[in-house]
Amino acid sequence: MSKVDTRLNVSPVPPDEIFALNGAYAVDPHPQKVSLGVGVYRTDDGKPWPLPVVQKAEKELVVEDDPFRHEYTTIEGDVPFLGIARDLMFGFEGKQSEEEAKARIGSVQTVAGTGANHLGALFLAHHMKPANVWLSNPSWANHQTIWELAGVPRKTYPYYHAATRSFDFEGMMSTLESEAQEGDVVLLHACAHNPTGLDPNKEQWVAIADLCERKKLFPFFDSAYQGFASGSVEEDAWAVRYFFNNKPDMEMCVAQSFSKNFGLYGQRVGAFHYCTNRASVSLRDIVVNNLCHLIRGEFSMGPRVGCTIVKKVLNSEELTADWHEDLKVMSSRIKAMRKALYNELVRLQTPGTWEHIIQQNGMFSYTGLTPKQVYALKDKYHIYLLKSGRASISGLSQKNVAYVAQAIDDVVRNEN
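Per the UniProt record's numbering, the very first residue in the sequence shown carries number 1; after that it's consecutive.
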């Protein structure tokens, strides 16, 4: 084989674990294989579930046959969509009294939640130059990559208490209190923490907000599951709204995704919101202009089709009501599967405690399984989950939950 000369200075990088796992699952011919890796909603038959309200909106859009539906939007994105996304996130209801609060928020459309996180990281790296960003340990793996590419040093705060399989509130607060410096960014999961499924309660959120204000830290919310986690868009936005409404002198930002709560995974629908510490239209516009400068150099503008669907739904009272029902269907099925898995493990008297499965929230469960046990699940039972033990609960069904529980029972007893 002849040598190929290259000017590149590149080294191998490991493949993304989630997509590599999904690829291995796809080619596995085993009839009882189970995918608990990728974070997408599935029905009890293991099938994708295009939301009924999304299908209804798509049909209405086809009938409307808008001749502009494939045209460019603007660099900041589809402006009516951005207003709807902002109002959903921050709880605005169209009242005149809300205009001053709205003037604090600069919003742009992004390529889903990943794009919102990336754009926000890049914007802060350019214009705030934080010494560090603090990520929860553990966190969504892509957070590390995003902030690495933005050139901001990463530090971690404790989040998961392995011995009790619970949220380590004391460890988080102690570390940020003693080590975080003024101007540092603190990345917070708005709800349904990925991967642990453990969220602060409201009293703890208040304490976190107080700490950020006192230490002059910059809160960066990642909101990937609004409405999907609890079934309520209001409940899942509580932390974001509390920070915004009760700490008006504290700047903050939110990365917002519609992938999970609308089932628009491949349409890449998202928004980034920067909240200033005063109601100033001119300041807000400067923020948006600078965000647009970054957007123009990266992807020019956000995709149109997915945001048009979201806009169609949320502009209609009838379709919005249908959407809320769809959210309840998804969240309630995941809660039911948590309970079913827990019940099976208790019935089998699987060693250890498993209450954390039903105490966690959202799409994922941090099972507490070791990498060795995870490998055994895949090798022996063709059950796929991340080596950290994170399992996507939506991959469970009434047909496979007993099989999964029996497999977990086996590896817990025999793979130590």
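Derived by calculation from the structure, the hints in this document are not laboratory data.
C-beta: ideal position from N, C-alpha, C; glycine also.
It is possible that some hints are incorrect.
[Stated by the list, open to error] Derived DEER-like restraints, expressed as beta-carbon distance ranges: (1) E325 to P48: 41 to 47 Å; (2) N343 to E234: 39 to 45 Å; (3) E213 to N142: 25 to 31 Å.
[Claimed, not checked] With a Cα cut of at most 25 Å, we get these calculated SDA-like pairs of lysine to any residue: (4) K202 to V233; (5) K215 to V233; (6) K202 to T175; (7) K311 to E99; (8) K33 to Q406; (9) K328 to Q406; (10) K335 to S282; (11) K216 to K311.
Status of the hints after comparison with the structure:
1. For the hinted restraint 41 to 47 Å between E325 and P48, the CB-CB distance of approximately 18 Å leaves it violated.
2. As the Cβ distance of N343 to E234 is approximately 30 Å, the hint placing it in 39 to 45 Å is violated.
3. The hinted range of 25 to 31 Å is satisfied by E213 and N142, whose Cβ atoms lie roughly 28 Å apart.
4. For the proposed pair K202 and V233, the alpha carbon gap of about 15 Å is at most 25 Å, so the pair holds.
5. Annotation: proposed proximity of K215 to V233 is violated, straight-line Cα distance about 30 Å (limit 25 Å).
6. Among the hinted pairs, K202 with T175 is consistent with the structure: their alpha-carbon atoms are about 20 Å apart, no more than 25 Å.
7. Between K311 and E99 the CA atoms are separated by roughly 21 Å; this keeps the pair inside 25 Å, and the hint holds.
8. Of the supplied pair hints, the one linking K33 and Q406 holds, its CA atoms being roughly 14 Å apart against a limit of 25 Å.
9. In summary, the hint linking K328 to Q406 is not supported, as the alpha carbons are separated by about 29 Å, beyond the 25 Å threshold.
10. With a CA separation close to 45 Å, the supplied pair K335 and S282 exceeds the 25 Å bound.
11. At roughly 36 Å between alpha-carbon atoms, K216 and K311 are farther apart than 25 Å, so this suggested pair is violated.
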